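Trainee: Protein sequence lines, in the order shown, are assigned to chains C and P.
At position 46 of the first sequence (counting the first as 1) the number is 46 in this note's numbering, and the numbers step up by one without a gap.
At position 73 of the second sequence (counting the first as 1) the number is 73 in this note's numbering, and the numbers step up by one without a gap.
Note that these hints are calculated values from the structure, not bench results.
Model, not experiment: these values are computed from the prediction.
It is possible that some hints are incorrect.
[What the hints assert, rightly or not] For lysine-lysine, the following PhoX-like pairs were computed, each having C-alpha atoms within a straight-line distance of at most 20 Å: (1) Lys56/C x Lys14/C; (2) Lys74/P x Lys372/C; (3) Lys372/C x Lys69/P; (4) Lys233/C x Lys322/C; (5) Lys14/C x Lys24/C; (6) Lys220/C x Lys233/C.
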Amino acid sequence: MRFYEYESKRLFGKYGIPLPTGSKVARTPAEAGAIATEIAGPVVLKSQVLTGGRMKAGGVLFAETAAEAARAAEKILALTINGHKPRGVLVEARAPIAQEYYLGVTWDGVNRLPVMIFSDMGGIDVEEVAEKHPEHIAKRNFSTLFPFSDFMAKELIASIGISGSDLNRLTQIAATLARVFRDHGLTLAEINPLVRLHDGRFLCLDGHVDMEDDARDTQKGLLRELGIDPAEKRQARPPSQFEIDGAAVDAVDHRGVAGNVVEFDGDLGLVIGAGGGSLTLFDAIRKHGGRPANYCEIGGNPSVTKACALTKLILAKRGVKKIAVMMNVVSNTRVDIVARGVIKGVVESGFDPAEKIAIFRIPGSWETEGFKILRHYGVEYCDRSVSMYEAAGRAVAKMK
Amino acid sequence: MALFINVEVDAAVARDGELVKKLIEVCPVNIFATGSGGALQIVEPNLDECTLCELCLNAAPPGTVRVVKLYGDKEVLTRKA
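Here chain P stands alone, though its shape is the one from the complex:
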């Protein structure tokens, strides 16, 4: 289980084939994968490898992907509109 990072993705983005492809492509530590029916799947064991590069935030519409820090002030990183 991830101790430090969680990534939340809106359901609409997770079902959008093009965005799923884009998220998989940009993440340098393979947090995203294709799940059943082509939907987005979060690869739990890789969550803590997140480098906070924000490439995933920029790959999807504003506010639809959120990177949550599970430590300190539990900051949520998201792309502003």
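With the rest of the complex left out, here is chain C:
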């Protein structure tokens, strides 16, 4: 769950991370003017959207007076950026910047630990810094079992040559950010840029926070405090019609899961799932040179109606030539019920299941009954003796 910049800053501010003066969100031009009046100096106004490229799109404007701020807010509020309408306009004091830094905490998938990343070259992509200027970047994993100590932050920052009062001030901010990350089930807590002003103070100029979806329940209190509806779903881009339709398929029937679709531009529709099996299968399809058209999760014993509706949705997507129905060995999903749903969806879409289903690999509960159905319709299927990787290969081979 991604936070808007103003929400990220509210969270950081709660922990004492220094923010620019003002740093309030306005929903109307008049509110923006009032915040600028309080600040009583030059301000920056930023569109509150969950997408990048705000500056380029005209979503960041500067103003010297309250009247100018109101006019700038009016322009920003009317602006759609990458399909996103702004939630509001963040108004804060302009800061005289001496240097920009990058500070982030995220998950390191390789080491399976959180990692803190710091650079004295902020404001640009940290990946680019890592590639072109590795001496300007420092990384350090830390444990989720023990408290994060200030010393760990100090060591990291000092490792790229920062010392004195800059080191002391940055240490406080970095250690605090690590605590924010750990306390709230975040997958990303980032300050970019973190800036040093001419008077030596540091400020968080822009912040990004992503919260683990599963943390919503434990973080309800925080979400409410920040004015976020815990039930609100957020993505980096607005969902496509296909994705909205997929969610609708899932919502109308409580039985099982058949939805959660993501679109790609290939020609093989994927009905896949089972405890990590979906990602494995997706990767296997790619490894065999296949081009997924979409990714649709199925599991938890969906009804025939639900599996049928999902299949019809997948087949209706432009460019889909065949579908592959694959899962790991299932215990809480019935193979025959899924087979019925998928075949029904294919038939009701006007296709021959033998032709349209590239492979059916769902071994497990009621597989004997499921295989009878598949055999009756001439669909190629396999049991658990065929690995997921091999099944994916068979599906891809049929696309050629």
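Following the hints, put chain P in place on chain C, whose structure we already have.
Mentor: Just chain P now, with coordinates in the frame of chain C:
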């Protein structure tokens, strides 16, 4: 139209108010409903949802309710006397 399952119920059972009530109560996927005059009605759109649980077979006298698989060997499930 159902592709996979058909359910047949003897006329005498379909007219028996008590048995109709029982069949409606036991089916987990709502294949049975009350039709005109209290007679049993088969809900066609739900037939393919049949989980082959056999609760309907056990709710009525032996042989009066039959679940027919419309695929493979077209097996007929029914309660033996």
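Trainee: With reference to the structure, classify each hint as holding or not holding.
Mentor: Hints versus structure:
1. Lys56/C x Lys14/C: Outside the cut-off at roughly 30 Å; violated.
2. Lys74/P x Lys372/C: The hint holds at about 10 Å.
3. Lys372/C x Lys69/P: 10 Å, holds
4. Lys233/C x Lys322/C: Not OK: lysine 233/C and lysine 322/C at ~31 Å, beyond 20 Å, violated.
5. Lys14/C x Lys24/C: Within the cut-off at roughly 14 Å; holds.
6. Lys220/C x Lys233/C: Satisfied, since the Cα-Cα distance of roughly 14 Å is no more than 20 Å.
In the structure shown, a violation is registered for the earlier hints numbered 1 and 4, in ascending order.
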